[in-house]
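Please arrange chain B on chain A, whose structure you already have, making use of the hints.
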Amino acid sequence: MVVRRTLGLSYGFHDASAALVVDGVLVAAAAEERFSRQKHDPNFPALSVRWCLEKAGVAASELDAIVYHEDPAATFTRVLASSLAGFPDTRREFVAGLKVWLGKKLWVRNDISKRLDVHPDLVRTLRHHQTHAAQAFLGSPFSEAAVLSVDSVGEWETAAITHATYEGGRPALKPLARAEFPDSLGLVYSTFTAFLGFVPMDGECSTMALAAFGRPVFADEVRKMVRLDPEGLIRVDQDYFNFRNFYADPFTPRFLAALGGKPRSFKDRLPFDCLADGPSEAPADMNFYADVAASIQLVFEELMVGLAKRAHESAGSANLCLAGGGALNCVANASLLKQPWIERLYVPPDPGDGGASVGAALYGDALQGGRTPGKVGYGPYTGAAFDETRDAALLPHAKPGRYRRFAVRGWQPRPGETWTSERPADFGAVIEEAAAAIADGKIVGWCQGAAESGPRALGNRSILIRPDRLETARRLSTQVKLREPYRPYALSIAEEEAGKVLSLTKAVQTPHRWMQLSAPVRPEAQASVRAAMHVDGTTRPQVCSREDNERYHSLLKAVGRRTGLSAVLNTSFNESGYPIVGTPLEALAMYARTAMDLLVYNGLVVRKT
Amino acid sequence: MTSSAKGRPWYAGFQLVGGAAFGVAKDLRSRRMGGLIPVMIALYMAGIVLYFINLVSPLAPFVYSLF
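Protein chains in written order, with this note's numbering: chain A, 1 to 609; chain B, 1 to 67.
Only chain A is shown next, with the shape it has when bound in the complex (with noise of 0.2 Å):
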């Protein structure tokens, strides 16, 4: 029998990744960041990739295929013409773009067969829309579904709609209609992130944060701006936008005088608090932000539904599969699953292009034919697994008192303070321990197995507290994530204990699963899991079950036995600004950093006495 091997790579903008496919089945998938430990890491993804191959004990002379998940001729094309058209003024992008292009860029084939030593005819390329749509559809339980995929830019398009089918066995996807660039609806919410002072690329997820405490004044300003277009999907008027000039800032004067004030500076600070008692108090001109972000919010529901409208209709499908930047949305996504004629919903692990090469390795493997349609692709426990054992042995050596200077503003260890260390025999007895710990208001840090891909910690890269304790989450918001007081934490609930504190619509879906959607909390909940919660009264929900995640699950019920509800406050393992942690090493690092009270690695259960 003939084993199949492929292997996607996204790598060259922001967020580079690896994946590889053997038959069918995806084995292994990372982003650069965990390895390298720097943010949205852009470099070619040279340990993720060295790790694919180890894990699935692969060579890469034995590689069948090497997809890349996007056309770099058609992306250079995009560059080149559009730092010629706003010539003169563009004449610094021009310069810079060609120096990066021809410098480096348009030969990715060349590099990733040189860095490989691999044939060149096994290197090949996709467009980015065509990778984000298989990233979707393929992972998905359907065998057919509308599928949209909205992000920044890919090489022209800007978003997508493809209805994807099966057809002998092989995946059809076939494009229905498209956006272009500059029309780009992600650009435009990077835009408003940028007015905002938050960095973009990165810091949309406050935009959406930051929405929750404002009202949506300026809605009509910003439906000026972009709107639905029944030939291109997307328009964005231009004169509001400076989307070619990358030096320049990438609002216009005419934004400014839409909107009626000036950028915030990210040196000032945003009063907003999602764990305060009542509602917060802000002065006129934080309250602004707060409002132009609940507009852009707004409008970027309405037209996430109304391209989900559109792909519904021209695809003729109940199903959808969203992917892209956009698709991390939680708030939009929410808004998707509300309309009656989606049933059902699908969003991959990672939607974003951290996920691309996921969906190049698919899509390339699966072109070969023999895939199951309907059958789900893949979970989002795909990424490296790491043996403490090693790591361990330095515990007895750890003196806590010597890193104190090394420690989180706002926290000191206590004087004399020591760690023990133990591995108990039965895991029940660790689960046993964390419950309690969390039970008793503990801040406890949570590490099993593979790593989760994409931005989401599901419960293997964790830190948890009980969601019912306030000052327990303004401890873990200063003293161990350094979080912004106005970003919410979310909540992982057991699916059994889901329909006491959420209201849902639906059923629940993978989405609700995997922390891809926001959920109002029945009111008669709130009190259980405000810390969890926004000042909205919705929560992002991870609705775990057995088959989802078996230990994490297991902790879930027994906190459940000791506080009466089996959920917890769940948080991303990282500190503000760096990758979520991966090895037993970077864990311990971070709970010696920070007032973690408990860490539990695997079977490890680290303590501080």
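If you're looking for bench data, these hints aren't it; they were derived computationally from the structure. Zero decoy hints are in this set.
Computed beta-carbon distance windows for the label pairs:
1. A:95 / B:53: 15 to 25 Å
2. B:30 / A:115: 23 to 33 Å
3. B:47 / A:38: 28 to 38 Å
Note that CB positions come from ideal geometry on N, CA and C, so glycine has one too.
What follows is chain B alone, placed relative to chain A:
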């Protein structure tokens, strides 16, 4: 990562670089921007000249400092 029968032949660089240049020209044509093809050719020529200058060690800093 080892070489094999499917390893990289000596002409791979020419093949892939040529293929990429051809891909750009094809894409420009398909988007009705064929007028930019001479600009592209000029840029490639400049690139080739810079590549050879870069091979001369004393002159290389003048090239790689550009990038």
